[in-house]
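> One-letter residues, chain by chain:
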Amino acid sequence: MTAAVEITGVTKRFDDVVAVDDIDLTIADGEFFAMLGPSGCGKTTTLRMIAGLEFPTEGSLQIFGEEVGTLPPNKRPVNTVFQNYALFPHMNLLENVGFGLKMKGVAKPETTQRALAAIELVQLGGMEKRRPNQLSGGQQQRVALARALVNEPKVLLLDEPLGALDLKLRQEMQGELKSLQRDLGVSFVFVTHDQEEALTMSDRIAVMDQGKLLQVGTPEEIYERPANRFVADFIGQTNLLEGTVADATTVVLENGTRVAAASDHAAGTKVALSLRPERANLATRDAAPSDGAGIDGTVAGITYLGNALVYRVALDWMEVEVRDENRPNADRLNAGDPVRVIWEPGAVAVVAE
Amino acid sequence: MTAAATPEFEVANERNKRRRGLFMALPAYLYLILFFALPLIIVVVYSFATRNRFGGTDLSGWNLEAYAKLGEPIVRDILFRSLWLAILTTIICLLFAYPFAYFLATRSQIVRNLMLVFVMIPFWSNFLVRNYAWRVLLGNDGPVSRLTENIGLGETTILFTPTAVVLGLVYGFLPFMILPLYASIERMDWSLIEASRDLGATGIQTFRNVTFPLSLPGVIAGSILVFIPSLGAYVTPEILGGAKTTLLGSYIVTQFLTARNWPVGASVSTVLMVVMLAATLVYFRKGGRTL
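Respectively, the protein sequence lines represent chains A and B.
Going by the numbering used here, the first sequence opens with residue 8, and the numbers climb by one from there.
Going by the numbering used here, the second sequence opens with residue 22, and the numbers climb by one from there.
Derived from the structure by calculation, the hints contain no laboratory data.
If you're wondering where the values come from, they're calculated on a predicted model, not measured in any experiment.
Note that beta-carbon positions come from the ideal geometry of N, C-alpha and C, so glycine has one too.
Each hint should be verified, as a subset may be incorrect.
[What the hints assert, rightly or not] Residues from chain B that face chain A, not an exhaustive set, calculated with beta carbons under 8 Å:
no.: 1; residue: D210
no.: 2; residue: L213
no.: 3; residue: A216
no.: 4; residue: R218
no.: 5; residue: D219
no.: 6; residue: G221
no.: 7; residue: A222
no.: 8; residue: T223
no.: 9; residue: Q226
no.: 10; residue: V231
no.: 11; residue: L235
no.: 12; residue: L293
[To be verified] DEER-style ranges, computed between Cβ atoms:
no.: 13; chain 1: B; residue 1: P28; chain 2: A; residue 2: Q244; range: 50 to 56 Å
no.: 14; chain 1: B; residue 1: A299; chain 2: A; residue 2: R138; range: 26 to 32 Å
no.: 15; chain 1: A; residue 1: T18; chain 2: B; residue 2: F117; range: 37 to 43 Å
no.: 16; chain 1: A; residue 1: R138; chain 2: B; residue 2: L61; range: 35 to 41 Å
no.: 17; chain 1: A; residue 1: A35; chain 2: B; residue 2: P234; range: 38 to 44 Å
no.: 18; chain 1: B; residue 1: L61; chain 2: A; residue 2: V24; range: 57 to 63 Å
no.: 19; chain 1: A; residue 1: D173; chain 2: B; residue 2: M141; range: 43 to 49 Å
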């Protein structure tokens, strides 16, 4: 099967700044694909190159097998939902949504009919005479979506489309976007800096930082087996315990504790153990950890989150966070209590730089 | 808070808000009343008065005769010629200024500021002097004429023709077109142009459907800023137009100073002001509206 988007060795430089650094990426047809990273990591530039709003400095970019390197945006089978929506302020909703069809010379009755259907699809029926400034942020978002989708793009590009919405609306739109994508069966390429959003919605995620592609995988792969330190730290919360690889199954921490952790790094490599707060448990000092590892510490502080409690535990050389479900009748620990941080075998991931 | 107390506070607040700054605005108000509103009223009053046979004006026997004079062929021709030249000047300014303003708005900040200074440089020397400079340039023995002669196009004889007047007006008022156009293009949201291209529009389609409509406030503002002074222009037509190209401005001056027919001068002035007022209203209705 032909890939929807095939990026090979693409680099984008703005004067001396390397925005995207030699990335390879394949996005399958019908996939919900997220590009995740902090601002300035190159994710938006990559999206803009797919859209044709920027041209790659080097490398090859194909859409359904066709090389599109320097093809202008109007000749590509993709459409974009812009970050600030970029709705035309001098046109009403119907004219905005019908714009693409009108430009392609589709007859007026058909344009109107298809635009109305798209407006209906995003649940804005009856508002087609309104101007963008008469709509709320969430409604403008839907118009931008309808305006792109009415052109039946083979790939829909979304540049942080939910960034400007408040939390409640954002969560609602996440669900709607996901089901819309499933119904249409079209690839969505979604740029976001919100790791939670990427995890909830995507089939696959590409994590980028400083123009480099760090890891591509399913949300589970990225969360459970981060390729490096940055990914482990960026996706979700984690404690990074510095150490050195002793052999294929053991890592020695800074304080000399030997921890069972499988890795394929050579002995002597500086690594970090990624221990997710929800994977760690607190026990009394005499508890025998199931995999032989346990680190003694003292409770330094407690944060009450409602559904959970987060304990800050001071170890000899650093602090770690341990997250505990907020169960009724459970014995709560207090600041100053001596504890031992333990975890199940396989709960930690070894990450290098 | 009690319900009764709130309205009193609000009334007092409103009163304070209305009075705020009134004192500071007073000198400007007085100045405008004395040197703008009063003379304006005098002009309108005189336009209904009668010229007596000694060249004075009788402020009695009010009539519309001065306005009837506007219908006479000579005056009508002057009126239409002025309108036509003002419209032509506006269109030519627009054609030159738009691409330039667009170019300017897409440059880096440093280049923009530098070029804006270049646009303003003509204002550093006197308008009258610059018009005489054109007279020298376009004159029978001037550099332009000599150039066209040398390349075999013959003598240039556009001085003292309407062409020379339009040339001078375009030269004089071009910055008034460039500046508002630049301002409106510069503050345009460029992502709209990207959105248009992304939705399948070509560069030309994007200009027609997005860029130009969005810059319309600037187009209207610039057009009015050029049209109004062109219509009432006096200096440029006097210096470059010669006797054959009398325009409204010269006609009004003649009526007041030479013919000593103040009512007619006043009536033409009044009509001119009404046309300009209409143009200004169009600006506030269409151009002043922020999109």
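> Tell me, which hint numbers fail for this structure?
Number 12 only.
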